[in-house]
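Turn these sequences into a full structure, and let the hints guide you.
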Amino acid sequence: MFVDSETIRFLWPELILVLCAAWIYLGGTFRGSRRWWVAFALAAYLLALGVILGLEGPATTSGDRGGLASGPILVDQLGMICRCFAILVGILLTLLMSKSTRHDLGSEYQGTLMLLVVGLMLVARANDLVLLFVSLELISVPTYVLLFLGRRDRGTSEATLKYFLLSILSSAMLLYGMSFLYGLTGTTSLRGIQAAVSTQPSVAALSFASLGISPDALIYLSLVFLVAGLGFRLAAVPFHFYAPDVFQGVTHANAALLSVVPKVAGLLAFTRLVILGFPQAASQAWEILLVLSILTMTLGNVCALWQQNLRRLLAYSSIAHAGYILIGITVALADSQRAGDSQGGVAAALVYVVVYAVAALGSFAVLAYLGSEQNEVHGVDELAGLARTRPFAATALSICMFSLAGLPPLAGFWGKLVLFLGAVQTSSGGLTVQVMQWFMILAIAGAINAAIGAAYYLRVIATMFFRAPAKTLDAEGGDGAAVVMLVCASLVVAIGLFPGIALNLARKAEASLRAPVSLAAQDPDRSQPRPVEHAWHAPEPPRTNL
Amino acid sequence: MMTLAGMDWHAIYFWLFALLTCGFALAVLFSANVVRMAFYLVLCLGASAGLFFLTGAEFVAAMQLMIYVGGTLVLLVFGVMLTAHSRFVSLRTPSGEWILALIAGSALLALLLSAALKVPDWVKANPDRAAISAADVEATTPIGMGFAGVRVDKLSQTDPQLLGGMSGYLLPFLIVSIHLLVVLIGAAYMARAKRRAAAVDEGAV
Numbered sequence: 000m001f002v003d004s005e006t007i008r009f010l011w012p013e014l015i016l017v018l019c020a021a022w023i024y025l026g027g028t029f030r031g032s033r034r035w036w037v038a039f040a041l042a043a044y045l046l047a048l049g050v051i052l053g054l055e056g057p058a059t060t061s062g063d064r065g066g067l068a069s070g071p072i073l074v075d076q077l078g079m080i081c082r083c084f085a086i087l088v089g090i091l092l093t094l095l096m097s098k099s100t101r102h103d104l105g106s107e108y109q110g111t112l113m114l115l116v117v118g119l120m121l122v123a124r125a126n127d128l129v130l131l132f133v134s135l136e137l138i139s140v141p142t143y144v145l146l147f148l149g150r151r152d153r154g155t156s157e158a159t160l161k162y163f164l165l166s167i168l169s170s171a172m173l174l175y176g177m178s179f180l181y182g183l184t185g186t187t188s189l190r191g192i193q194a195a196v197s198t199q200p201s202v203a204a205l206s207f208a209s210l211g212i213s214p215d216a217l218i219y220l221s222l223v224f225l226v227a228g229l230g231f232r233l234a235a236v237p238f239h240f241y242a243p244d245v246f247q248g249v250t251h252a253n254a255a256l257l258s259v260v261p262k263v264a265g266l267l268a269f270t271r272l273v274i275l276g277f278p279q280a281a282s283q284a285w286e287i288l289l290v291l292s293i294l295t296m297t298l299g300n301v302c303a304l305w306q307q308n309l310r311r312l313l314a315y316s317s318i319a320h321a322g323y324i325l326i327g328i329t330v331a332l333a334d335s336q337r338a339g340d341s342q343g344g345v346a347a348a349l350v351y352v353v354v355y356a357v358a359a360l361g362s363f364a365v366l367a368y369l370g371s372e373q374n375e376v377h378g379v380d381e382l383a384g385l386a387r388t389r390p391f392a393a394t395a396l397s398i399c400m401f402s403l404a405g406l407p408p409l410a411g412f413w414g415k416l417v418l419f420l421g422a423v424q425t426s427s428g429g430l431t432v433q434v435m436q437w438f439m440i441l442a443i444a445g446a447i448n449a450a451i452g453a454a455y456y457l458r459v460i461a462t463m464f465f466r467a468p469a470k471t472l473d474a475e476g477g478d479g480a481a482v483v484m485l486v487c488a489s490l491v492v493a494i495g496l497f498p499g500i501a502l503n504l505a506r507k508a509e510a511s512l513r514a515p516v517s518l519a520a521q522d523p524d525r526s527q528p529r530p531v532e533h534a535w536h537a538p539e540p541p542r543t544n545l
Numbered sequence: 000m001m002t003l004a005g006m007d008w009h010a011i012y013f014w015l016f017a018l019l020t021c022g023f024a025l026a027v028l029f030s031a032n033v034v035r036m037a038f039y040l041v042l043c044l045g046a047s048a049g050l051f052f053l054t055g056a057e058f059v060a061a062m063q064l065m066i067y068v069g070g071t072l073v074l075l076v077f078g079v080m081l082t083a084h085s086r087f088v089s090l091r092t093p094s095g096e097w098i099l100a101l102i103a104g105s106a107l108l109a110l111l112l113s114a115a116l117k118v119p120d121w122v123k124a125n126p127d128r129a130a131i132s133a134a135d136v137e138a139t140t141p142i143g144m145g146f147a148g149v150r151v152d153k154l155s156q157t158d159p160q161l162l163g164g165m166s167g168y169l170l171p172f173l174i175v176s177i178h179l180l181v182v183l184i185g186a187a188y189m190a191r192a193k194r195r196a197a198a199v200d201e202g203a204v
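Protein chains in written order, with numbering that gives the first Met the number 0: chain P, 0 to 545; chain U, 0 to 204.
Worth flagging that the hints you see were computed from the coordinates, not collected in a lab.
Where hints are given, some of them may not hold.
To be verified - Part of the chain P face toward chain U, derived, beta carbon under 8 angstroms:
1. A216
2. L217
3. Y219
4. L220
Claimed, not checked - With beta-carbon atoms standing in for the labels, derived distance ranges:
5. P:Q336 / U:L101: 46 to 52 angstroms
6. P:F29 / U:L18: 56 to 62 angstroms
7. U:L173 / P:R8: 24 to 30 angstroms
Because the structure is a prediction, the values reported are computed rather than measured.
Glycine residues also receive a C-beta, built at the ideal position from the N, C-alpha and C atoms.
So this is what it looks like as structure tokens:
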């Protein structure tokens, strides 16, 4: 396959960021100033955002809602929205990490973070198994480096090594699942796989039929491995056990990164790979995910109840939120089994992950702001009386935690509402009585868990407002963390007041996911978009002699 | 001599390599010494390369030998030698972890077995050897030829301009190899310079 100029044109924002990251690495050896490189990185993110909105905004929003397939990438609304969000996360993390790094490592930190953001942007638009895997690794590998650079003591080294080992294990499982998928369909293109396993008999599927191999058994196998590999990134039970230890060992800024970036990437990969790739195995897939979702929510929330360490508490809360996100994926999978209106499972999960990400970033930003390089905030008790000593920080943390708990009228409430509504609608308009019962159980489990979750968030808030201050915290986290804290708190309030905007964007993204895809023009005489059926590198019939 | 020629050598080699693979895999599991584990792993992976040769996937088998047996495990042994602390050389697994590992491992085994047994063609023997398609055998050969610079997968291409761009994957392969070599040297340097951080530097590569 040749990379044509059209594909490169769609990749400009990513290329800009990669070049800037390389420049930061190189330039950092000559000019060590942390402040300068933070400013440079922010400028690069804004430039990339401008390029996305300026160059591709018209291309993806005009005409029909379907996207363009160009080489291994897919240009559509979902990718567009998620890339803008990736850049927002990049900007917030850059600000958050602007002071929490050692002075001489500032440029390495920013460059690595920028590569990670590029990985997230590529996951959002991958239309190819290989690109999807490589971009997931482009998130994982910089994460190891960032975790290690954050603080170089014994605890951090242990946490980093733990994350590294489990992460490569999950990547191996993901690859194993992908290899079955490739073996079954003979193509690495995601849209091609979708077509091959559902309706259109591809060459490979035909040859399998002639061999007497039923693809169903292997599709199921592939599904289990993909769920395992991606479940690690979402921190879903039973792939969650790394989260509390790792979160406790790393800095607040890195914990923010760990709770947001892998979750967004995991959800996107789930959306593109599992929901679209398994129309045949959808019934088994939603059964697995429904059980995992209930287990994940319950375990995360119950274990969070008796945590005294703030990062451990937020780690369990991150596990619990992975369970809520899985509700959306389950609803979407059950939806794909029947024709008719979509219940908006993907849109709900997208809204929820954004809402969670903003609130989690805000919470960690407050904690980072309150500490200093020598004295980090660890325990819940250290926040006692914060409302009197640091009223602004206490307000921001309360807003974020109220949103995580799902109290109206903040963003988290709407996120939970659309998720639970999706489950209830699926159960009322369900396929069989058994399906209806299961989705009702799912919705009830979600509601009970929201109540359990409120308990430990409110405990933190009560500590801040109703207990006498024990000591005054340093609050030397820097201006960057303060800005992130303010931006996140106001975003939480804004999404809470105008939930329609976020919901509409997410619905558009979901619609583009299922819309037909046209092939991007490759040369001038083929400038008219045409159906993508010919674009998958469908395997050539096996040659008998080479 | 007639008896030798009449024997089903394919089946014999299959059983030989399969037993070697499983036996040495168990040996890795029950050994407590890291260096011995690495050596058993070499034998286990080597035997599984033999299984790939038997199926006719020569390219995969060669990669298995070159990358895993030749590269990764030599690296592993070097890593153990460079960073050896006495407490890591000998590993004892607590009994609680044995139980967890047994549960996870047997779940995985059950899943793989049930999937494999559901494929009818893999369960019953096919008496007609000639009817077995060689389609999946050839799937990896074009990749291997592509690494050597010959694009056998695009023989139909006639456009001279496009042919010029089809140089195979030799150059990217070399670039990646040199890159990995640089990383290896850097890792060895860092592992030597700071003994305390050695284990993590190893991990970051």
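Going down the list of hints, with the structure as the test:
1. This hint holds: A216 of chain P has a C-beta 3 angstroms from the nearest C-beta of chain U, less than the 8 angstroms allowed.
2. For L217 of chain P, the interface hint holds, since its Cβ comes within 8 angstroms of a Cβ in chain U; the closest pair sits about 6 angstroms apart.
3. Look at Y219 of chain P: its Cβ gets to within about 6 angstroms of chain U, closer than 8 angstroms, so that hint holds up.
4. Evaluation of the L220 of chain P hint against chain U yields a held restraint, the C-beta minimum of about 4 angstroms falling below 8 angstroms.
5. A beta carbon spacing of about 35 angstroms between Q336 of chain P and L101 of chain U contradicts the range 46 to 52 angstroms that was offered as a hint.
6. About 60 angstroms separates the C-beta atoms of F29 of chain P and L18 of chain U, a value consistent with the hinted range of 56 to 62 angstroms.
7. The given range of 24 to 30 angstroms is respected by L173 of chain U and R8 of chain P, whose C-beta atoms sit roughly 29 angstroms from each other.
Hint check: a violation occurs at hint 5 only; the rest are consistent with the structure.
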